[in-house]
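There are 2 protein chains.
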Amino acid sequence: MTRISFKEMESTIAQAFVRAGMPPARAAACATVHASSSCDGVYSHGLNRVERFVEYIGKQWVDVHASPTLHLALGAMEIYNGQLGPGILNAQFAMERAMQLATANGFGLVSLCNTTHWMRGGSYGWQAAEKGFISICWTNTESCMPAWGSSSCCIGNNPFIMAVPRKEGHIVLDMAMSQYSYGKLEVTRLQNQRLPYPGGFNQEGKLTDDPAAIEATRRVLPIGFWKGSGFAILLDLLASLLSGGLCTAAIDKSGKGSSGSCSQVFIAINPLAINTQEFVDKVLNETIAQLQSAVPVEENGQIRYPGESSLATRQENLRLGIPVDEAVWQKVKALAGR
Amino acid sequence: MTRISFKEMESTIAQAFVRAGMPPARAAACATVHASSSCDGVYSHGLNRVERFVEYIGKQWVDVHASPTLHLALGAMEIYNGQLGPGILNAQFAMERAMQLATANGFGLVSLCNTTHWMRGGSYGWQAAEKGFISICWTNTESCMPAWGSSSCCIGNNPFIMAVPRKEGHIVLDMAMSQYSYGKLEVTRLQNQRLPYPGGFNQEGKLTDDPAAIEATRRVLPIGFWKGSGFAILLDLLASLLSGGLCTAAIDKSGKGSSGSCSQVFIAINPLAINTQEFVDKVLNETIAQLQSAVPVEENGQIRYPGESSLATRQENLRLGIPVDEAVWQKVKALAGR
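Protein chains in written order, with the numbering used here: chain Z, 1 to 338; chain D, 1 to 338.
Among the hints, erroneous ones may be present.
For chains that are exact copies, the list does not tell them apart, and a pair is met inside one copy or across any two.
Said to hold, decoys possible - Here are the computed lysine-lysine pairs in the DSSO-like style, where the Cα-Cα straight-line distance is at most 27 angstroms:
1) Lys184 to Lys206
2) Lys253 to Lys167
3) Lys282 to Lys253
4) Lys256 to Lys282
No lab work stands behind these hints, which were simulated from the structure alone.
Let's have the full structure, built from the sequences with the hints guiding it.
The following block contains the structure:
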């Protein structure tokens with residue numbers, strides 16, 4: 001397995017973005033997020049998304065020079081138009097602004113209409129946690145999942161993130177509404193394996209753990225069956241109505257895939273506006289201790305908190321280098337002219 | 001099947017609460033929520049919870065006279081102490097106050113520490129929707145579900161609600177973190193049936209659709225396996241840290257079951273502070289139309305939006321009367337002295 005150092009990956013991606021027309025500082029900021037995603041084990045939205053992002057710049061679906069403009073300010077809530085700028089930069093701006101509002105008000109909500117793919121949603125939960133803020137954020141997307149009861153894709157696989165800062169390791173939930181991503185289906189199929197648990201329906205309408213059968217029907221399973229389907233619908237409606245932006249049905253009509261003018265919400269809360277640090281620590285310690293003292297399913301098994309695996313992967317990849325698919329890495333190097 | 005009119009159920013429950021020591025106006029308000037839950041088809045948290053609530057009053061786990069007191073006001077965010085008052089009244093108060101804050105600021109967040117079981121969480125989503133507000137709310141609970149990777153109950157089955165007002169029928173998601181409630185397992189077992197989809201693990205650690213096998217292990221399945229497990233943990237942490245109240249691990253130690261000083265969050269948003277009514281209607285219509293035009297799995301099947309079934313059940317039960325379990329109904333009548 002090829003492993004690349006964080007610095008090398010980051011600078012190579014930055015150069016690829018500069019060559020695609022991005023100003024250097026912006027390219028560097030985006031590259032850091034892509035490299036961090038791969039470093040945390042979210043390979044699908046890290047290095048592996050560089051080529052597609054460059055393609056979107058080429059098609060002018062993303063405006064590398066655009067920045068969000070304020071559309072409406074309502075105290076601790078602000079609505080911005082993302083102007084189809086780079087999704088990563090727009091999202092970082094929005095979370096940063098939500099934290100500023102939370103510094104002043106205890107709480108801040110920033111929504112973005114007309115933005116583009118933010119890549120790995122968890123990035124913005126980690127961003128807020130690093131600065132000591134609790135956060136919630138989500139985005140809508142184009143349709144890529146059947147609603148419960150349907151066999152055709154009509155709802156978005158909208159990622160939802162909640163994060164709580166903690167000095168021993170932030171607690172970060174980053175989940176999409178499907179049980180498995182299409183990336184996970186593909187990887188599992190290529191390895192000739194089965195999914196750990198059923199992940200969708202086959203041609204006969206039966207639940208299956210065969211990734212190829214699910215790829216064929218595109219009937220990926222929403223988490224919790226009807227529950228995740230409903231959650232996806234509500235996340236979409238709220239993203240649209242809180243930002244004045246497009247809903248999934250309208251994004252579908254835009255014809256620009258997952259970067260087609262989507263809508264996002266960013267909430268930041270300062271836990272120390274409400275509690276003492278002592279109380280916060282007590283809640284976090286009590287909760288983690290309760291998880292760690294539960295009976296593991298597997299002998300000597302470990303019960304992990306959300307975000308724990310990402311942190312462990314990050315530490316390993318920083319030490320050993322980030323594993324890459326050799327073909328993908330050569331492609332990104334070529335884009336960087338290296 | 002015995003069916004009881006809404007009015008009769010409501011007044012009987014109210015009388016039961018008055019006889020348990022509740023002031024009449026408070027008893028009436030709580031009774032309306034219990035009867036409405038049964039009317040909407042959420043039987044487990046309607047009539048069927050009356051006896052247990054009366055029991056909790058008797059044990060002084062709920063103070064029938066208490067009202068929330070303001071602990072901290074931070075502009076559009078306020079934190080209250082529920083003083084262990086009736087969970088329904090505290091939650092109604094909190095959502096009402098969140099709507100007042102949203103009227104003034106576009107957005108309002110109210111959290112409650114030290115409150116008691118709110119019964120059906122969806123009630124507060126419907127409450128906000130009826131007044132034209134978008135809402136999000138959740139509560140934490142005592143441990144009743146194993147975290148992913150564990151076989152012992154160590155996390156709460158924390159309900160999460162999102163609702164959007166819509167004149168043709170509000171869109172309301174009301175979901176707990178387990179695939180099925182213990183009530184659903186019991187009902188399915190008593191009917192000698194299987195669950196529609198696997199809902200937990202059996203003694204051998206295999207996924208099963210046999211309700212009795214799951215009741216035996218108490219290994220109910222979180223929605224989306226590890227995802228719902230993580231979501232439950234984050235909802236708990238945020239409920240606690242946003243209200244300064246107890247987290248699940250601390251509720252467990254209180255030994256007062258699901259009414260033991262829990263923590264809740266209520267968010268209200270005025271969609272018309274951000275958008276025109278015309279835009280809101282467009283988003284809702286586009287989304288519902290997209291769902292309705294999807295390919296149904298079953299021939300002539302219908303793809304429903306969240307809340308659609310509740311509304312249909314409500315209309316039917318208002319017309320025909322609310323179905324009751326005869327034994328439960330007789331018990332509540334006895335509590336009412338009827």
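Comparing the hints with the structure gives:
1. Lys184 to Lys206: both (20 angstroms within a copy, 23 angstroms between copies)
2. Lys253 to Lys167: Result: close only across copies, 25 angstroms inter versus 44 angstroms intra.
3. Lys282 to Lys253: between (49 angstroms within a copy, 14 angstroms between copies)
4. Lys256 to Lys282: between (47 angstroms within a copy, 20 angstroms between copies)
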